[in-house]
Each structure stands twice: as C-alpha cells, then as structure tokens.
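K.L.:
Residue numbers (our numbering), protein chains in the order written: chain A, 1 to 249; chain B, 1 to 346; chain C, 1 to 483.
Calculated directly from the structure, the hints in this document are not laboratory data. It is possible that part of the hints are untrue.
[Said to hold, decoys possible] One side only, chain B facing chain C, incomplete, derived with CB under 8 Å: (1) R9; (2) G258; (3) P267; (4) I271; (5) A273.
We put the beta carbon where it would ideally sit given N, CA and C, even for glycine.
Residues per chain, in single letters:
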Amino acid sequence: MLEIKNLHVAVGGKEILKGLTLAISAGEVHAIMGPNGSGKSTLSYVLAGREGYEITGGAITYRGENLAELSPEKRSAKGIFLAMQYPVEIPGVTTLTFLKTALNAQRRARNEPELDALAVLKLVRSKAASLNVPEEMLKRALNFGFSGGEKKKLEILQMALFEPALAILDETDSGLDIDALKLVADGVNRLRSPERAMLVITHYQRLLNFIVPDRVHVMAGGRIVAKGGKELALELEAKGYGHWTKDAA
Amino acid sequence: MNAIVLPNRRIEDWKYSDLRNAVDESAVAAAPTAAWTMASVEGAADIADLPAIMPRGEHGAMAELAIAAAKAGPYVRVAKGERAAVHLHLVEGGHGRALIVVEDGASLVLRETVRAADFANIAVEIVIGKGARLDHVRHAPQHDTVQLADYAVQVADGGQYCAQLMNFGSKLARTELHVVLEGEHAEAVIGGAAVLSGTRHSDVTIHVDHAVGNSKSRQSFRYVAGGHSRAIYQGKVTVRQRADGSDSMQTAKGILLGERAEIDLKPELEILADDVKCAHGAAVGDLDADSLFYLRSRGVPESEARSLLIRAFLEDAVTGIEDEKIRSEIWSAVEAALPAAMEPAP
Amino acid sequence: MAAVSETKKTVAELGEKYKYGFVTDIEMERAPKGLNEDVVRFISAKKGEPDWMLQWRLGAYRRWREMTEPTWARVHYPKIDYEDAYYYAAPKTTAKPKGLDEVDPKLLETYKKLGIPLHEQKLLAGVAVDAVFDSVSVATTFKAKLEEAGVIFCPISEAIREHGDLVRKYLGSVVPVTDNFFATLNSAVFSDGTFVYVPKGVRCPMELSTYFRINASETGQFERTLIIADEGSYVSYLEGCTAPKRDEHQLHAAVVELIALEGAEIKYSTVQNWYPGDEEGKGGIYNFVTKRGDCRGARSKISWTQVETGSAITWKYPSCILRGEGSVGEFYSIAITNHFQQADTGTKMIHLGKNTRSRIISKGISAGKAQNTYRGLVSVHPKAANARNYTQCDSLLIGRECGAHTVPYIEARNKTARVEHEATTSKIAEDQLFYCTSRGIPQEEAVALIVNGFCREVLQQLPMEFAVEAQKLVGISLEGSVA
Numbered sequence: 001m002l003e004i005k006n007l008h009v010a011v012g013g014k015e016i017l018k019g020l021t022l023a024i025s026a027g028e029v030h031a032i033m034g035p036n037g038s039g040k041s042t043l044s045y046v047l048a049g050r051e052g053y054e055i056t057g058g059a060i061t062y063r064g065e066n067l068a069e070l071s072p073e074k075r076s077a078k079g080i081f082l083a084m085q086y087p088v089e090i091p092g093v094t095t096l097t098f099l100k101t102a103l104n105a106q107r108r109a110r111n112e113p114e115l116d117a118l119a120v121l122k123l124v125r126s127k128a129a130s131l132n133v134p135e136e137m138l139k140r141a142l143n144f145g146f147s148g149g150e151k152k153k154l155e156i157l158q159m160a161l162f163e164p165a166l167a168i169l170d171e172t173d174s175g176l177d178i179d180a181l182k183l184v185a186d187g188v189n190r191l192r193s194p195e196r197a198m199l200v201i202t203h204y205q206r207l208l209n210f211i212v213p214d215r216v217h218v219m220a221g222g223r224i225v226a227k228g229g230k231e232l233a234l235e236l237e238a239k240g241y242g243h244w245t246k247d248a249a
Numbered sequence: 001m002n003a004i005v006l007p008n009r010r011i012e013d014w015k016y017s018d019l020r021n022a023v024d025e026s027a028v029a030a031a032p033t034a035a036w037t038m039a040s041v042e043g044a045a046d047i048a049d050l051p052a053i054m055p056r057g058e059h060g061a062m063a064e065l066a067i068a069a070a071k072a073g074p075y076v077r078v079a080k081g082e083r084a085a086v087h088l089h090l091v092e093g094g095h096g097r098a099l100i101v102v103e104d105g106a107s108l109v110l111r112e113t114v115r116a117a118d119f120a121n122i123a124v125e126i127v128i129g130k131g132a133r134l135d136h137v138r139h140a141p142q143h144d145t146v147q148l149a150d151y152a153v154q155v156a157d158g159g160q161y162c163a164q165l166m167n168f169g170s171k172l173a174r175t176e177l178h179v180v181l182e183g184e185h186a187e188a189v190i191g192g193a194a195v196l197s198g199t200r201h202s203d204v205t206i207h208v209d210h211a212v213g214n215s216k217s218r219q220s221f222r223y224v225a226g227g228h229s230r231a232i233y234q235g236k237v238t239v240r241q242r243a244d245g246s247d248s249m250q251t252a253k254g255i256l257l258g259e260r261a262e263i264d265l266k267p268e269l270e271i272l273a274d275d276v277k278c279a280h281g282a283a284v285g286d287l288d289a290d291s292l293f294y295l296r297s298r299g300v301p302e303s304e305a306r307s308l309l310i311r312a313f314l315e316d317a318v319t320g321i322e323d324e325k326i327r328s329e330i331w332s333a334v335e336a337a338l339p340a341a342m343e344p345a346p
Numbered sequence: 001m002a003a004v005s006e007t008k009k010t011v012a013e014l015g016e017k018y019k020y021g022f023v024t025d026i027e028m029e030r031a032p033k034g035l036n037e038d039v040v041r042f043i044s045a046k047k048g049e050p051d052w053m054l055q056w057r058l059g060a061y062r063r064w065r066e067m068t069e070p071t072w073a074r075v076h077y078p079k080i081d082y083e084d085a086y087y088y089a090a091p092k093t094t095a096k097p098k099g100l101d102e103v104d105p106k107l108l109e110t111y112k113k114l115g116i117p118l119h120e121q122k123l124l125a126g127v128a129v130d131a132v133f134d135s136v137s138v139a140t141t142f143k144a145k146l147e148e149a150g151v152i153f154c155p156i157s158e159a160i161r162e163h164g165d166l167v168r169k170y171l172g173s174v175v176p177v178t179d180n181f182f183a184t185l186n187s188a189v190f191s192d193g194t195f196v197y198v199p200k201g202v203r204c205p206m207e208l209s210t211y212f213r214i215n216a217s218e219t220g221q222f223e224r225t226l227i228i229a230d231e232g233s234y235v236s237y238l239e240g241c242t243a244p245k246r247d248e249h250q251l252h253a254a255v256v257e258l259i260a261l262e263g264a265e266i267k268y269s270t271v272q273n274w275y276p277g278d279e280e281g282k283g284g285i286y287n288f289v290t291k292r293g294d295c296r297g298a299r300s301k302i303s304w305t306q307v308e309t310g311s312a313i314t315w316k317y318p319s320c321i322l323r324g325e326g327s328v329g330e331f332y333s334i335a336i337t338n339h340f341q342q343a344d345t346g347t348k349m350i351h352l353g354k355n356t357r358s359r360i361i362s363k364g365i366s367a368g369k370a371q372n373t374y375r376g377l378v379s380v381h382p383k384a385a386n387a388r389n390y391t392q393c394d395s396l397l398i399g400r401e402c403g404a405h406t407v408p409y410i411e412a413r414n415k416t417a418r419v420e421h422e423a424t425t426s427k428i429a430e431d432q433l434f435y436c437t438s439r440g441i442p443q444e445e446a447v448a449l450i451v452n453g454f455c456r457e458v459l460q461q462l463p464m465e466f467a468v469e470a471q472k473l474v475g476i477s478l479e480g481s482v483a
C-alpha cells in the first residue's frame with residue numbers, strides 16, 4: 001500500500017530524513033520508534049503533505065501513485081489519515097461542524113453523495129459512543145480548551161469516521177493516562193482490518209502493549225536503523241535507544 | 001517665525017492637547033534657544049556641539065518649529081563598542097535641539113531631567129547603531145508651563161532602544177516618540193507612568209514603525225490621574241509591507257482617582273504585512289475590587305489598601321529601569337507625587 | 001470526467017460570486033441631474049410632503065452647502081462630483097399597489113433573481129417585508145397583523161404624511177440635521193426608507209425586514225430609517241442589501257435613527273452585500289452611512305449587528321448614546337474586505353447615564369489588496385457612574401498586500417467607570433489550515449471555515465435565517481483570497 005524508498009526530506013533547508021526506506025502492506029500495523037529528533041514527526045507530516053517539508057530525494061508511492069504530487073486534501077480523500085501529535089485548536093468552529101465539513105469534502109472529492117446534517121450526526125454519535133466521547137464535546141469549538149486526552153480521542157474519532165486506508169498515528173499516546181490510553185488503543189484496534197494499513201509512531205513501548213504491531217522499525221538520524229517483530233519494541237525498552245543510535249552514527 | 005499656527009484639538013493628533021489654549025503664539029515665537037547642562041558624564045561619551053549636518057528622523061509638528069528656531073544644542077556620541085552614562089539636564093526653556101548617537105555595539109544610559117520651568121519645546125535626534133543599546137530615562141517633574149519634547153529614534157539591526165518616560169504633569173506636557181525600527185532584530189521597549197494631580201496634563205504620543213521584519217516592540221504605560229488632571233496615551237504601531245515577523249505589544253492602563261480627572265487612551269495599529277503578531281490592550285478602571293476586599297478582609301484599612309494597590313500598579317511601570325539608582329530616584333518621585341494625586345478633589 | 005465536473009463547479013462558483021449582478025430596465029422618473037433647492041423641492045413635492053418637511057430639507061440643504069466632505073477616515077476614492085448625480089429616481093408606477101398582485105411583474109422578477117421570495121415570505125414564519133426598489137417602497141406585507149399589534153411599519157414617506165406628529169417629534173433627534181456631511185446631504189434629499197413605531201409594552205410579533213436595492217444607473221441612494229420603540233417594547237429589525245453589477249461608482253448615504261424609550265429594546269441587524277467592485281477595483285458602491293441609536297429611557301437597550309462584505313468603500317459607525325440609566329449598547333461587527341475594497345467602520349459608545357453598559361465585538365478580515373479599519377470611541381462622561389465597557393477587536397489578514405488597522409479611542413471621565421479594550425492582529429495560522437486540509441477540506445473551504453469560526457461570536461447574534469446567509473457570504477467574499 002505504502003512504499004517509501006530512500007526518502008530525503010529537508011525542512012527549512014536542513015535535511016531531516018536521510019534515506020528512509022519503508023514498505024507497508026494492507027492489513028499490517030507497523031510501529032516506528034525512535035528518540036526525539038530522529039525525524040518521526042517529519043515523516044508523518046511529509047506523508048500527510050504539509051507545506052515546508054521538501055522532498056529532496058527518493059520517492060513515496062501510495063497505491064501506485066506518487067504521493068508528492070498530491071495536496072493534503074487529495075491525500076485525505078484518497079484515504080490517508082494523520083492523527084496528529086498536537087491537534088490544532090480552531091476557535092469558533094464547532095467540532096461537529098468541522099466533522100461534517102471534512103467528511104463531506106472527502107465524499108465530494110470521491111464523487112460520493114454528501115450526507116445531510118442529520119445523517120452526519122447519527123454517524124458521529126455512533127462512533128463517539130464507543131470512544132466515550134460525550135455529545136457535549138462535539139458542540140465545543142474544535143480542540144479548543146480540550147484536555148490532551150480529549151484531543152487524542154477526537155483524533156481517533158475522526159479516524160473511525162473517515163475510515164482511512166492508511167492511518168498514521170503520531171505519538172497518539174503522549175499526554176494520555178492509562179485509562180485514556182486503553183480507550184484510544186481499543187478504538188484503534190477496532191479499526192484494524194485486512195484492507196487497512198497503520199503506521200504507529202511512538203517514543204515509548206507502552207502503547208505497543210495495547211496496539212500490537214506486526215513490524216517494528218527503529219528510527220534514528222533520519223533513517224531506519226533496525227527492524228524486527230513486536231519483540232524488538234521490548235528489546236528497545238530494555239536496552240534504550242543509545243544502543244541503536246550508536247550504530248547509526 | 002511670524003505666522004505660527006499652534007496645533008489644536010481640531011488636529012487629530014493633538015485632539016487631547018490643545019496647545020492654542022495653553023500658550024500664546026507670540027510667546028512661542030519669542031522663545032529663546034533652550035539650554036542643557038551635563039549633570040554627569042561617565043565612561044566614554046564624547047560631548048560636543050551639534051554638527052552642521054544633522055540626521056533627521058520623523059517628528060511632530062512642534063518639533064519642526066524647534067528645529068527651525070534652536071540655534072545650538074548638545075551632541076552626545078558614544079563610539080563603537082564603548083559604554084557610557086550621561087545625565088542631561090534641561091536648565092533653561094525655549095526651543096531646543098539635541099543629537100544622541102550610540103554607535104555600533106556601544107551602549108549608553110541616558111538620563112534626562114528638566115528644571116526649566118518656562119516654555120520648553122525640544123526636538124532630539126537619536127541614532128542607535130547595529131547591536132547598540134540606549135537606555136533612556138526621562139523624568140519630567142511637575143510644572144505649570146507648556147513642556148514639549150519630541151524624539152526621533154532610529155534603531156539599526158539588533159539595536160535596542162529602552163525608554164522610560166516618567167511624567168508628573170504640567171499645564172500642558174507632551175512627550176512624543178517616533179521610533180523607526182530600521183533593522184532586523186531591532187527592538188524598542190518603551191514604558192512609563194504618569195502620576196498627576198491638580199489640573200495637570202500629560203500626553204505621551206508614540207509612533208513605533210516596524211520598517212523591516214523580525215523586529216520587536218513593547219509598550220507599557222500606567223497612569224494615575226487625580227483632581228482635575230488629564231492623562232493621555234496615544235500609541236501607534238505601524239508594520240510596513242513585507243515587515244514579516246514583526247512582533248508588537250502595547251498596554252496602557254489608567255486609574256482615575258479624581259472626580260474630575262480624565263484619562264484618554266488611543267492605542268492604534270496600522271498593519272500592512274500579514275505574518276505578524278500584534279496586540280494591544282487598554283483599560284481604565286478603578287482598583288480591582290477583589291484585591292481590595294482581600295486586603296480589607298485581612299485587616300488592612302481601605303485607604304491603606306488602596307494606596308498599597310496603587311503603588312503595586314505603578315511599580316510595574318518602573319521595574320523596566322535597569323539602573324538601580326535611577327530607579328529608586330524615580331520611585332521616590334512617584335511616592336512624593338501620590339498623596340496629592342490621591343487627595344479628594346476640593 | 002473529473003475535469004468536466006470541475007469546470008462545471010468553477011462556472012457555478014463564478015455565478016455564485018456575484019449572483020446579484022444584473023440590471024432591470026424599468027423606466028425611471030428622475031429629478032434633473034445635480035443638486036439645488038429646486039431638486040430638493042421636487043423630491044418633497046414628489047412625495048406629497050407637508051411644508052414642515054420641505055423646510056426641514058431645505059434647512060439641511062443650505063447647511064450642507066457650507067460643509068466639506070470628511071477626510072479623516074482611512075478610505076481613498078476619486079473626488080465625488082455631487083453635481084453629476086441624480087438625486088431622485090422612482091419606478092414609473094405612481095399609483096401605490098395595494099397587494100403583491102398589483103406590483104409591476106418586472107419588479108417581482110427582479111426580486112426573484114435576488115432570491116427574495118416575496119410570495120413565499122407570506123408563508124414564512126413572521127417576516128414582513130417592506131421592499132424598496134430604488135427609492136419608492138412598492139410592497140408591504142403582514143401589515144394587517146402588525147396593525148393589530150399597533151405596530152406602524154411603513155415607508156417613511158407614508159409616515160410623514162400619515163404619522164406626521166411622530167415623525168416630526170423624532171426625525172433628526174438622534175442624528176441632527178447638521179451632524180455630518182453625508183447625514184446632512186441625506187436629510188436634504190432622502191428619497192424614502194422605513195418607519196417603525198412600536199407602541200408601549202408591545203413585543204413586535206415578527207422580525208421586520210427590509211431589502212434595499214440600488215438599481216438605477218447614476219442614482220445615489222439616500223435611505224432614511226426611523227425606528228421608535230416606546231416604553232417596554234421590543235423590536236428586531238433586519239436589513240439586507242444586494243445590488244446589481246455596474247461599472248461606475250455609486251454613492252449611498254443612508255441615515256438610520258433608533259430611539260429606545262424606557263425599558264425598550266431594539267435589535268438592528270444588517271447584512272450588507274452591495275457590489276464591491278471587480279477584482280481590479282473597478283466599480284462598486286460608496287457606502288457612507290450614519291447609524292445611531294439613542295437609549296433615551298432607563299434600562300433601554302440597543303444592539304447593532306452588522307456583517308459588511310460588500311461595497312467598494314464603507315464608512316459606517318453604528319453608535320449608541322447611552323442616556324438612560326442602566327441602558328445597554330451593543331455592537332457586533334464583521335467586516336470583510338477583499339480585492340480593492342476599503343472599509344472604515346466601528347462604533348461610538350457614549351456613556352452619559354449611570355450604570356450604563358456597552359459591549360463591542362469587532363472582527364475585521366482583510367484579503368487581496370484591501371484595507372480594513374476599525375475605528376471606535378468609548379466615551380464615559382462625568383455623570384456616568386459605574387459605566388462599563390468591554391471591547392474586543394480582532395483582525396485577520398489574508399495575504400501580503402492587504403492592511404488591517406485598529407483605531408480605538410477611550411475617553412474616561414468618571415472614576416467609577418471601567419473600560420476594557422483588547423485587540424489582536426494575526427493571519428490564519430498555517431497549522432490550522434493544514435489540519436483542515438489534511439482532513440480533506442479544500443483550502444478555500446478551510447479558509448471559509450476558519451474565518452467563520454473567527455467570526456462566530458458575531459454570527460451568533462444574527463437571527464437564524466440571516467446567520468445562514470451571512471455564513472455563506474463570508475465564504476463567497478473571500479474567494480480567490482488564498483493563492
């Protein structure tokens with residue numbers, strides 16, 4: 001589904017990703033672990049198409065298409081979803097309005113009929129219930145004044161709503177207490193399916209106890225420096241990143 | 001000099017300071033050249049007479065008159081990389097002209113005081129070089145005449161202009177600052193306070209012009225107006241086109257103590273670039289009721305509580321003065337002026 | 001296939017951009033070009049006005065001759081030649097229609113294109129429409145129901161004839177004849193407008209709505225509105241504007257006066273969507289409006305809400321005189337300027353009475369090469385003990401060629417008053433845009449969404465049907481603003 005080959009990315013003229021290679025097939029959950037500054041968030045932004053992240057070498061192919069040429073909204077309509085580490089606050093725009101606008105924009109782009117307000121509400125409610133997202137939260141301005149946990153829950157709610165083919169979860173565990181973490185992980189696990197690929201980016205192994213990955217990649221210095229099965233995450237936890245980052249250097 | 005038209009309240013910029021009502025045109029026309037003394041000079045400052053060719057910044061209407069009329073004035077220069085402290089003391093009123101140059105990497109602490117009790121109208125050019133710094137403390141004591149001071153300040157790359165304007169009012173007192181941030185990372189930090197009583201007037205009018213991007217300005221003023229006095233703040237911030245990354249903040253707060261006092265605040269933004277961070281806040285009000293209640297509930301009598309809170313309010317305005325000696329002198333002046341400002345109107 | 005549907009969409013959007021751009025060719029009856037006492041007399045005679053009204057107009061005209069056009073606002077436009085304009089134009093239908101079926105079908109057709117479903121509005125819940133086509137009011141509905149409640153809602157020309165005492169008592173009492181250049185001009189030549197009187201203790205049974213149109217070429221529009229809410233009454237008034245597309249600039253100088261007596265409340269909402277000129281800054285309406293409300297009685301309240309998206313030039317400061325003890329003034333404003341539009345708008349809150357309160361929420365959005373200025377005064381007079389004001393003034397910049405300016409004046413002369421003003425200027429944050437686009441929302445739609453969020457506090461003040469229209473307008477006005 002996703003193939004990244006020797007990817008080089010620069011931000012503000014500074015090279016962050018330095019030859020990253022990675023392939024994910026449908027149905028798989030891959031985890032990327034790495035220390036701060038290893039380029040994990042850069043990878044997630046470049047996949048989602050954020051401006052200012054310049055691909056200086058290599059290629060990203062998504063379902064046979066060159067991803068670099070697509071705007072963020074086109075990527076979204078084609079099934080790429082990024083759950084952000086720091087979801088953005090948009091004052092004055094209610095969460096429900098935002099969800100409806102986004103959902104219908106994606107549907108429109110795919111030539112699917114738009115849903116009316118009532119249908120959206122029903123759909124959102126059904127997804128919200130399973131994530132313990134209270135109705136009241138949907139009426140508040142998007143992410144505005146939300147706690148860290150609420151923001152992350154809302155990201156997963158959007159993932160459930162948009163049903164992406166490729167979901168990238170950037171540090172979804174950061175700022176969550178254990179109960180919230182379980183809830184979010186349950187939400188993610190429910191979305192695992194043979195048609196869907198997931199890329200779970202995390203600093204800690206903790207999340208991977210709940211979202212068990214098929215493959216684990218260790219990232220350091222803008223490259224994948226080690227890969228293995230889920231047991232690699234445990235090894236990493238035990239030995240620390242130093243072991244691998246030294247190899248990279 | 002025969003056809004002077006004094007700025008008056010019909011002119012937008014002088015709306016709150018009607019000069020025509022405060023001074024005779026003939027007195028303005030007849031005013032001599034003002035005189036300064038150097039009360040003290042420390043460090044490597046060159047003191048000379050004004051050069052034949054003067055730099056010219058943006059000035060207000062009355063400064064133009066001073067520039068035309070003043071025949072001489074002091075020129076203070078701190079050479080590249082040097083440090084100095086100068087105390088400039090205005091001893092005789094009239095039309096005055098001065099030039100302050102702080103060359104690249106140099107620093108100057110400029111203290112300015114005013115003794116002259118007659119009409120004064122001064123225009124000062126200030127040039128701050130790359131990475132240079134000027135700490136400017138102006139202390140205008142209580143007077144009952146017309147006191148006008150107008151500064152054109154140019155700040156180059158990485159230069160800093162820190163001004164502290166302390167006003168205790170006059171029949172009509174106006175301090176104008178025109179600051180142009182001409183280089184990246186140039187900075188202007190301007191603050192001050194006014195403590196007024198009787199029928200005194202104090203007008204601080206400031207224009208900070210972010211001519212290039214990544215420059216920063218801060219303005220913060222605190223006013224206390226008792227009796228029939230009138231305190232004015234007009235502060236305009238301009239961000240020119242393409243001056244992206246400009247960052248400006250303005251605050252002006254006033255407390256009216258007198259039944260017939262007035263505070264007029266006009267913080268103005270003129271923004272012509274989009275990637276900016278500009279904000280202002282202005283407020284006039286009584287002391288915070290919660291704080292007052294809190295103090296009284298702990299046994300502090302109301303008048304004492306009020307005085308305590310007013311001091312706290314004003315203290316914010318002088319903390320920016322880095323020189324401890326100057327700061328404590330200024331604070332003494334504040335303390336001395338407060339009782340009259342807090343006096344109930346007759 | 002995709003390309004075809006996209007093309008279709010673009011064409012549709014172009015239509016949406018200014019769907020009100022057309023001209024109807026109803027034969028006009030005009031006063032001669034230019035302005036002199038005879039033209040003033042002509043207008044007055046045309047309206048069948050009593051002599052006091054004519055004298056009032058003439059007084060204004062003579063005064064106006066001595067006045068000069070104000071220049072303090074941050075708007076620039078070529079000098080207006082007041083002698084090169086027509087000051088009166090009316091549809092040829094001289095006999096007043098009694099019902100919709102008597103209205104010129106061409107007019108009705110115009111309204112249809114404008115999206116004012118006049119017929120349907122009879123069925124719509126509680127909206128009476130006094131439609132102004134150019135200068136003469138042509139249709140009024142719901143009159144019976146209003147009459148039952150004792151509410152007078154009619155063209156001001158009719159009120160001058162039939163409720164002379166009321167008009168005479170209040171006209172010019174809030175905006176004096178001598179107030180300002182444009183208001184004085186309006187006083188001399190106003191063609192028509194709306195009159196509302198809500199009697200004591202009456203809650204107006206429906207929202208009153210007037211649609212203004214500018215239609216005749218080279219005809220200035222001088223609307224005059226007078227609304228009086230007697231003791232303990234309530235009225236909500238909606239004003240919406242659209243205009244046909246044309247090249248030459250058109251002058252509009254309206255005057256609106258509101259009077260709220262003891263315990264009365266007036267809510268005045270405007271959506272202004274006149275032709276703003278084209279993308280090169282050609283054409284567009286010059287809109288110089290004087291709107292002022294007088295909270296004359298104790299505990300009265302006047303609330304202005306405006307959504308200003310149209311006009312090439314907007315010069316407008318809906319204000320409140322807070323005279324009555326405990327009276328309340330509010331100003332909620334959205335001003336959007338794009339391309340070459342210039343807006344200088346804001347409010348004045350004049351606190352005269354004790355315990356008066358005011359609230360100002362202003363949202364300015366500037367895009368393209370537009371200039372957008374908030375100008376506002378909060379004045380607390382010596383007798384206004386315990387006066388309170390809160391002002392929040394936010395500006396949003398979209399693009400590097402536009403400007404956003406904030407010019408607030410605070411004048412406090414009572415020690416128990418509390419005035420607070422806050423203002424910010426920023427651009428749409430890149431991370432907000434990315435968040436939206438990464439969730440599939442196209443950039444232009446994302447901008448509209450974020451801007452609507454930015455304006456929410458003001459949009460919420462609008463009556464339901466207006467709010468929906470206004471939200472769409474926000475998006476339409478900003479089209480093409482993001483590269």
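K.L.:
Please go over all the hints and tell whether each is borne out by the structure.
P.N.:
Each hint tested on the structure:
The interface hint given for B:R9 is violated, since its Cβ lies 12 Å from the closest Cβ of chain C, which is over the 8 Å cut-off. Hint on B:G258 holds. Least Cβ distance to chain C is approximately 7 Å, under the 8 Å limit. Because the smallest distance between the Cβ of B:P267 and any Cβ of chain C comes to about 7 Å, under 8 Å, the interface hint for this residue holds. Of the supplied interface hints, the one on B:I271 holds, with its beta-carbon coming within about 5 Å of a beta-carbon of chain C, less than 8 Å.
Interface restraint check for B:A273: the shortest CB-CB distance to chain C comes to about 6 Å, inside 8 Å, so the restraint holds.
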